Structure formats: structure tokens, C-alpha cells
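These protein sequence lines map, in sequence, to chains A and B.
Note that the numbering used here numbers the first sequence so that position 30 is 30, with each residue one more than the last.
Add 75 to a position in the second sequence, counting from 1, and you land on the number used in the numbering used here.
Please keep in mind that the hints were generated in silico from the structure rather than gathered at the bench.
Quick caveat: nothing in here was measured; it's all calculated off a predicted structure.
Incorrect hints may appear among the rest.
Taking lysine to aspartate or glutamate pairs in the EDC-like style, the calculated list, with each CA pair at most 20 Å apart, reads [what the hints assert, rightly or not]: (1) B/Lys158 with A/Glu60; (2) B/Lys276 with A/Glu28; (3) B/Lys162 with A/Glu60; (4) B/Lys158 with A/Glu55; (5) B/Lys158 with B/Glu122; (6) B/Lys162 with B/Glu122; (7) B/Lys276 with B/Asp237.
Covered by chain B, per the in silico footprint, the following chain A stretches (three or more residues, Cβ under 8 Å) [said to hold, decoys possible]: (8) 33 to 40; (9) 45 to 51.
Where is the CB? At the ideal position from N, CA and C, for every residue including glycine.
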Amino acid sequence: MNLKPAKLQQQQKQETTQHAGAQQATREFPSPEELLRHDAEQIEVPRALANRVAESIAREPRPARSWWRRLFSRP
Amino acid sequence: MSRPVEAKPSLVSDEARRGEPLPLSARASAGDEPACSGGKPRWASPEFGSIYEAHSRQIYYLALRFLGDPTQAEDATHDVFLKAYRKLGEFRGDSAMRTWLYRITINHCKNLLQTWHQRHMVNNADDSLWETAPASTDSPLRVLEIKELGQRIQNTLAVVSDEYRLLLLLVADQQMSYEEIAALTEQSADAVRGKLHRARKAFIAQFQKSA
Numbered sequence: 001m002n003l004k005p006a007k008l009q010q011q012q013k014q015e016t017t018q019h020a021g022a023q024q025a026t027r028e029f030p031s032p033e034e035l036l037r038h039d040a041e042q043i044e045v046p047r048a049l050a051n052r053v054a055e056s057i058a059r060e061p062r063p064a065r066s067w068w069r070r071l072f073s074r075p
Numbered sequence: 076m077s078r079p080v081e082a083k084p085s086l087v088s089d090e091a092r093r094g095e096p097l098p099l100s101a102r103a104s105a106g107d108e109p110a111c112s113g114g115k116p117r118w119a120s121p122e123f124g125s126i127y128e129a130h131s132r133q134i135y136y137l138a139l140r141f142l143g144d145p146t147q148a149e150d151a152t153h154d155v156f157l158k159a160y161r162k163l164g165e166f167r168g169d170s171a172m173r174t175w176l177y178r179i180t181i182n183h184c185k186n187l188l189q190t191w192h193q194r195h196m197v198n199n200a201d202d203s204l205w206e207t208a209p210a211s212t213d214s215p216l217r218v219l220e221i222k223e224l225g226q227r228i229q230n231t232l233a234v235v236s237d238e239y240r241l242l243l244l245l246v247a248d249q250q251m252s253y254e255e256i257a258a259l260t261e262q263s264a265d266a267v268r269g270k271l272h273r274a275r276k277a278f279i280a281q282f283q284k285s286a
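Isolated chain A, as found in the complex (with noise of 0.2 Å):
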């Protein structure tokens, strides 16, 4: 008889997935920069802090138009 017990069927099933788990893991940049950028996309920027900032802003008077701006606009 060459029927394995049922506990180390489960174990060694346990392993394989546990090895293809691994290898999903396994990553490979080519780059310092790949690898950053790949860790910039997984940032998010606090939710809160665009409210911040728009808070902010509302408090402060509105920035003057530069000269060139200004000459531009006129009609």
C-alpha cells in the first residue's frame, strides 16, 4: 500500500502552497528608481490633508497677480 496518511497529504499540500505563496511574493526591480516608484504609487496622501490646505487658504488673502499676468489679462 502506497496511500499516504491523510495528515502528511495535508502537510506537504500545506508546503506546495506555501511555496507558490512565496514565489507570488517574490518581486523584482531592475532600479532603485523602479523600486521607488513602485513604492510612490503604493502612498496615499492623508484624506485630510486636502481639506487642511484648503482651510488654509481660505484664511489667506488671495495672492497678488504677478505684472506680466496682469498685462496680459487686460483687454
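Given the coordinates of chain A, work out where chain B should sit on it, guided by the hints.
Relative to the frame of chain A, chain B by itself:
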């Protein structure tokens, strides 16, 4: 010279990002103005709102990886955009908006780091340390534990010099050309290329050590 655009890699699950800065909804500002309550911010200047939407991600990322602290990065990004708003009239369009914002960010972060270094008397590791390190810039960076990646990158960047860290972070932004990076860091494009080669080597050596 512009660099080629590369395919985006797949995203890592939220669970895998544990230990990294999260969307900080819980850390909402204690603003007393209702102008911003309920999700979307109400911009006093819609034009500036568009500028924020277009560039905040890269500005926050640069601040985060340059300063190494999510709270400081959030404060720095806020201050950078506020400064940008105040100086908007001075922006003449000689450079791209992204480059202009990066300039403000770099100056702001350098000032913060300088104050911090003065207080703590910490120096970056000597770059000559990496010159002899057995790291090839041709070898790929293999990552097994993706969930620790953010922290590992941060630890690696913390050890290389401020200049190398900045160059690596700027070149990672595909919108930035070598010429723009050179202008931002006040050196020639050839100097940027040379330093980037050494910066990559330093990064790889340290990153592999941290495995």
C-alpha cells in the same frame, strides 16, 4: 533628455502595507471651519485645487521619504502648498509647476532636517563606505517580503546621503528629466548622471544588507 515611461506594477494589498503611512482620516486637522467638512475640500481658488490634485501625491511622497516621518511629511506638504499659494504670483512658468513645487519642498525639507541634525548631531554615513561595497547596479533588487518593503526602503534611504536620497527620489518621478533635476539640484546634467550611478550603488548595497 526625457526618460521612457514604464508599465505600472501591480498594487500591493492594503494588508501588505501595514506599518506604512495610512490614509490619515483619523488624523484630521482640528480646523474650526466647516468649509471642508464632508469629504471633498472646497477650494477658495479652484485653480489652486487643481494644482493640489495634480501634484500633492509626489510632493507628499518626496517629503515622506526625505524626512522619514509621516506626520512631518504631512505638515511639510501642507506648508509647501501654502507657500506655493502665497508665491503663486511669482511663478513665471519658466519651469514646470512640478519642478517649482519640488524646489519649495526641497528647501523646506532641508531646513527641517538641518534643524533636526543640529539638535541631534546626526551625520549621514560616509559615502566612501559604499564605494567598496560589493553591489552591482545591473543586478535586480529582489524583494520577498513585500509587506515590509516601505520600511525597508525608508531604512535604506535613511542611511545614504541627503544628496543621493534626493537624486534617487527625483529620478523616480518620470515627469522629471535629468536637466530639470540638474536645475533643481544646481549642478550639470552630467554631474547628476555620475552621482546617480553612485547613489544607485549605495542604495543597492544598503538595501541588500537589510534583507
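(request) Given the hint that lysine 158 of chain B pairs with glutamate 55 of chain A, test it: the Cα-Cα distance must not exceed 20 Å. (result) With a Cα-Cα distance of about 14 Å, the restraint between lysine 158 of chain B and glutamate 55 of chain A holds, given a limit of 20 Å.
(message) What's the verdict on lysine 158 of chain B and glutamate 60 of chain A, does the C-alpha distance respect the 20 Å limit or exceed it?
(response) Since the Cα atoms of lysine 158 of chain B and glutamate 60 of chain A sit roughly 11 Å apart, the hinted pair holds (cutoff 20 Å).
(message) What's the verdict on lysine 276 of chain B and aspartate 237 of chain B, does the C-alpha distance respect the 20 Å limit or exceed it?
(response) holds, 15 Å
(message) Three residues or more, CB to CB closer than 8 Å: is that satisfied between the stretch 33 to 40 of chain A and chain B?
(response) holds (count 8)
(message) Hint check: lysine 276 of chain B vs glutamate 28 of chain A, CA-CA at most 20 Å. Holds or violated?
(response) holds, 16 Å
(message) Hint check: lysine 162 of chain B vs glutamate 60 of chain A, CA-CA at most 20 Å. Holds or violated?
(response) Holds, because 12 Å separates the two Cα atoms, which is no more than 20 Å.
(request) Could you grab the alpha-carbon distance between lysine 162 of chain B and glutamate 122 of chain B and see if it respects the 20 Å cut-off? (result) holds, 14 Å
(message) Tell me if the straight-line CA distance from lysine 158 of chain B to glutamate 122 of chain B falls inside 20 Å.
(response) holds, 15 Å
(message) Just to make sure I understand the rule, a stretch counts as covered if three or more of its residues have a C-beta closer than 8 Å to a C-beta of the chain. Does the stretch 45 to 51 of chain A meet that for chain B?
(response) Our answer is that it holds, as 7 residues pass the Cβ test (under 8 Å) against chain B, meeting three.
When the structure is compared with the earlier hints, no violation turns up for any of them.
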